[in-house]
Amino acid sequence: MRTLDALIVESPVFKGLDQDQLELIAGCASNTVFAAGERLFREGDQADTFFLIRHGLVALDAYVPNRGQLTVETVGPGEIVGWSWLLPPHRWHFTGRAVDLVRAVQFDGACLRKKCDEDPVLGYDLITRFAQVLVSRLQATRLQLMDVYGDRHD
Amino acid sequence: MPSKGTNEPAVLAAEDLDALIDALRDEGYRVVGPTVRDGAIVYAELGAASALPAGWTDEQAPGSYRLARREDGALFGYAVGPHSWKQELLPPRVRLWQTRRQQDGGFVVDEEPPPPEPTAFVGVRPCELAAIEIQDRVFLGGRFRDRDYAARRSDVFLVAVDCGDPSSLCFCTSVGGGPGATEGFDLALTELLDGGHRFLIRPGSPSGEAVLQKLPVTAASDADLEEARLVVARAARDMEGRFDSTDLHDLLLRNLESPQWDAVAERCLTCGNCTLVCPTCFCTHVEDANALDGSTAERTRVWDTCFSVQYAEMHGGNTRPTPRARYRQWLTHKLATWEDQFGSIGCVGCGRCIAWCPVGIDIREEVRSIRAEEEEHAHA
Amino acid sequence: MATATTEPASALRGSMTPLPYRVVRKRRENHDNWTLELEPVADAIDPIAPGQFTMLYAFGVGEVPISTSGDIEAAGTTLVHTIRAVGAVTKALCAAGPGDVLGVRGPFGNTWPIEAAQAHDLVLVGGGVGLPPLRPAIYHALAHRSDFGKIVLLYGGRTPEDLLFRKELERWRGRLDMDVEVSVDSAGSGWSGNVGVVTKLIPAAPFDPDDAVALVVGPEIMMRFTAQALIDRGLPPERIWISMERTMRCGVGLCGHCQLGPTLICRDGPVYRWDELAPLLGVQEL
Chain A
1 MRTLDALIVE
11 SPVFKGLDQD
21 QLELIAGCAS
31 NTVFAAGERL
41 FREGDQADTF
51 FLIRHGLVAL
61 DAYVPNRGQL
71 TVETVGPGEI
81 VGWSWLLPPH
91 RWHFTGRAVD
101 LVRAVQFDGA
111 CLRKKCDEDP
121 VLGYDLITRF
131 AQVLVSRLQA
141 TRLQLMDVYG
151 DRHD
Chain B
1 MPSKGTNEPA
11 VLAAEDLDAL
21 IDALRDEGYR
31 VVGPTVRDGA
41 IVYAELGAAS
51 ALPAGWTDEQ
61 APGSYRLARR
71 EDGALFGYAV
81 GPHSWKQELL
91 PPRVRLWQTR
101 RQQDGGFVVD
111 EEPPPPEPTA
121 FVGVRPCELA
131 AIEIQDRVFL
141 GGRFRDRDYA
151 ARRSDVFLVA
161 VDCGDPSSLC
171 FCTSVGGGPG
181 ATEGFDLALT
191 ELLDGGHRFL
201 IRPGSPSGEA
211 VLQKLPVTAA
221 SDADLEEARL
231 VVARAARDME
241 GRFDSTDLHD
251 LLLRNLESPQ
261 WDAVAERCLT
271 CGNCTLVCPT
281 CFCTHVEDAN
291 ALDGSTAERT
301 RVWDTCFSVQ
311 YAEMHGGNTR
321 PTPRARYRQW
331 LTHKLATWED
341 QFGSIGCVGC
351 GRCIAWCPVG
361 IDIREEVRSI
371 RAEEEEHAHA
Chain C
1 MATATTEPAS
11 ALRGSMTPLP
21 YRVVRKRREN
31 HDNWTLELEP
41 VADAIDPIAP
51 GQFTMLYAFG
61 VGEVPISTSG
71 DIEAAGTTLV
81 HTIRAVGAVT
91 KALCAAGPGD
101 VLGVRGPFGN
111 TWPIEAAQAH
121 DLVLVGGGVG
131 LPPLRPAIYH
141 ALAHRSDFGK
151 IVLLYGGRTP
161 EDLLFRKELE
171 RWRGRLDMDV
181 EVSVDSAGSG
191 WSGNVGVVTK
201 LIPAAPFDPD
211 DAVALVVGPE
221 IMMRFTAQAL
231 IDRGLPPERI
241 WISMERTMRC
251 GVGLCGHCQL
261 GPTLICRDGP
271 VYRWDELAPL
281 LGVQEL
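Residue numbers (the working numbering), protein chains in the order written: chain A, 1 to 154; chain B, 1 to 380; chain C, 1 to 286.
Rather than coming from a laboratory, the hints here were simulated on the basis of the structure.
Computed from a predicted structure; not experimentally measured.
Even glycine gets a Cβ: it sits at the ideal position worked out from N, Cα and C.
Each hint can be trusted.
Just a few of them, taken from the derived set where beta-carbon distance is under 10 Å, the chain C residues facing chain B:
| id | residue |
| --- | --- |
| 1 | Arg-13 |
| 2 | Gly-253 |
| 3 | Leu-264 |
The following block holds chain A by itself, in its conformation from the complex (with noise of 0.2 Å):
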């Protein structure tokens, strides 16, 4: 069984961490599985936390009235769900759900925004490492946005 630290460093997100960095975030995290089709996180509710995904697809839905519902994402293995913990108003905007077995490391975000306002070194290097997966993600839900495949001709 591989230690939390060595869980958290070894992720895209978090690579690069210092010791002290790792220790600090690691104190805020833990170990968690979720059955297939069970519910991390309702549309809505606080969010105060987040995860990484260590094993396992975590749908991310909303329901929409006459068409049900629909899922905008799935995230798998090595990424990150969640970042409302980081900017107010801390509220998920999405339905997170469990599609297979899912194991995940996961984070207090309220402890982790505590040690960011004591540590702004800490916090600036959290903040910068979320611009990036926001960055990324941004670019890849625009290109879904895009619909792209309803244009193709022959």
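Since the structure of chain A is provided, determine the placement of chains B and C on it from the hints.
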């Protein structure tokens, strides 16, 4: 004394030009050449030499074409008119094939037979010879040949006439051409006016020699040869400096985002006149049509223009919706990417697109502006 | 006669003349895509290769360019084409059934560089109706499995209902010697696969970027994003190949419509190396 069986240039008196037309007709050719109609010199079937535009010249400027009277009776004393020989080799509408349904649900395709009559083109300018050669590369030089073009082309007899009176819009010497015909013809004429109205006539092929032997020609003197040389030299000198074609291909492809394209787009009506009169523009589209009862169908090839909005339409949109993009496509194709596609520049410097543009866009000016803009930018 | 090199027009069937082909099988792939299998009524066209296309003619309606999408080695003279019904001609083609006769001209265009991919990992990325032109390359690679390293197929569609060749995808996914990942842009309940753009599948895809060749087909913007994601993963641009599309009328380089700058797509393409075409795709409205 008639000179027979040699490659030497000979002299044909102007009043004997009908002998040439008759000889061509005797060989089975339908003769097409220049004639005045509707205020322009156009190409039409010629009955006799009397139909030629004797004593007429053209005065051309951007957006302007006028006929004017000459003081002499020159038969070919003009530059070029709105027609080009592509209307014979690549007619505006050609049915390619017809098809009819069969009992078993299949269909049979009947290709259109080749045109019945071989044609002689009389009065082909050297720039037009160049244009024909350029279209030969497109239609005959690739992996797939154009069947209809090949058929018409193989039956053509070309009588070239050197240029003695380029218009102010001509710039053939700037794009690798010149006012004297050097190759690609069956017979070439140079009109001489001093010391008697006559033509220096020289063969360019065995077919040309065969026709030449039937004509009442006399031997060409040194004076005749010198006068002919001067006609061409003077025409070439008149066109000097008309167009700077240095580094033309790369210049245009370096400047695909030049603000000049926006400037010309403000004026261009995308009417496509330039593509209609251009002797090398070859774009076509096909129309598929069927009879109302669905039993027969046919396909027709029709002239198209890259200026039309539909040209770049696909399901899902249009890749060149703006006039800016379409003008850029035409000019960069003609002067730059044609070379990448077919191995030679697409323009022959005939100036037709300049004369027949309703707003007088001058491609020489457009290139000059792009060059100047690039230079200005570089020193900014 | 002057400088033209010509030959008697009657010697060749004109390049604009279609050959009759009969529909022998028709399969519906999804709500607006059908696969037709065609056999020559009499004369056949020259053998077609992966990446090439034919011009398919619906009697009296018109013609469209369609890539070959079948198992070429197994098919013999049978042509396999997967068509999306979007306009008058494609709707007419998709309305044809077994026994109906269509016209075929071809084969036209160049081919996927399958030989160049031998001994390398083969990565195929398809978006939407970009999968059919890749399918012949997949069949070829599977039929000559030991010639290639890993074979990885990444396929993106709009929704699960839009996915093409679903049964075949599942069969390929079940193979031990091929990796298949599928993603859709959006999904309702009932889909437990990936949701997101196909480029998201690239970072974790099991190929070696130092030793892979990628074939990419889809809408132009998808191909641009995909090429960039592959390059970000470490695949050199010279080993990424795409299949281009533009307005096409004749398919034989004689009508001018399919030009993209210096290239004629029907003649020099539709398969292009990414680094050679990327600069042209970067010029808006070229």
